[in-house]
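Can you make the complete structure from the sequences, with help from the hints?
Our numbering applies: residue 12 is where the sequence shown begins, and numbers increase by one.
Since the hints were derived computationally from the structure, they do not count as laboratory data.
Just to be clear, a hint being listed does not mean it is correct.
[What the hints assert, rightly or not] List of simulated lysine to any residue pairs, SDA-like, C-alpha gap at most 25 Å: (1) K86 x L103; (2) K89 x R59; (3) K113 x G69; (4) K96 x R26.
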Amino acid sequence: MSEVKRATRVGERLREELANVVRSLEDPRIVGVMISRIELTDDLQLARVYVRHATSSGPAQVKALLRGLEAASGKLRKETARAMKLRYAPTLRFYYDEAPDKMDRIEELLREVKETKPSE
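Here's what the structure looks like:
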């Protein structure tokens, strides 16, 4: 049986706790944020937090979302470390998760190719 890395387990728990803490924040820039995934370094010192907006958003809204999360990162770090009983809280870096958008674009291109393919 393969063992799951500690960073993966802690990362998943961190994602759950961050989601809870983010909901309690009252910053209008981060309303509707969803935490899609977290990549945590093996030494648990840096967490790359990938977020999405509940609704489709433009570049200006994405920038505002990331600025709001960066502004709240100290509180988020403190609250999640307390909830998880971690000795050291990882530094949180926020990124917009573009993977679903890219996946949608690929599926759209595949549909176009299928529609233009001559029937045999």
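Hinted pair K96 and R26, Cα distance within 25 Å: Holds, because 15 Å separates the two Cα atoms, which is no more than 25 Å.
Satisfaction of hint between G69 and K113, Cα-Cα up to 25 Å: Roughly 15 Å separates the two Cα atoms, so the pair holds.
25 Å Cα cutoff - pair K89, R59: 16 Å, holds
Distance restraint between K86 and L103, which requires alpha-carbon spacing of 25 Å or less: 11 Å, holds
Checked against the numbered hints listed earlier, the structure breaks none of them; every hint is satisfied.
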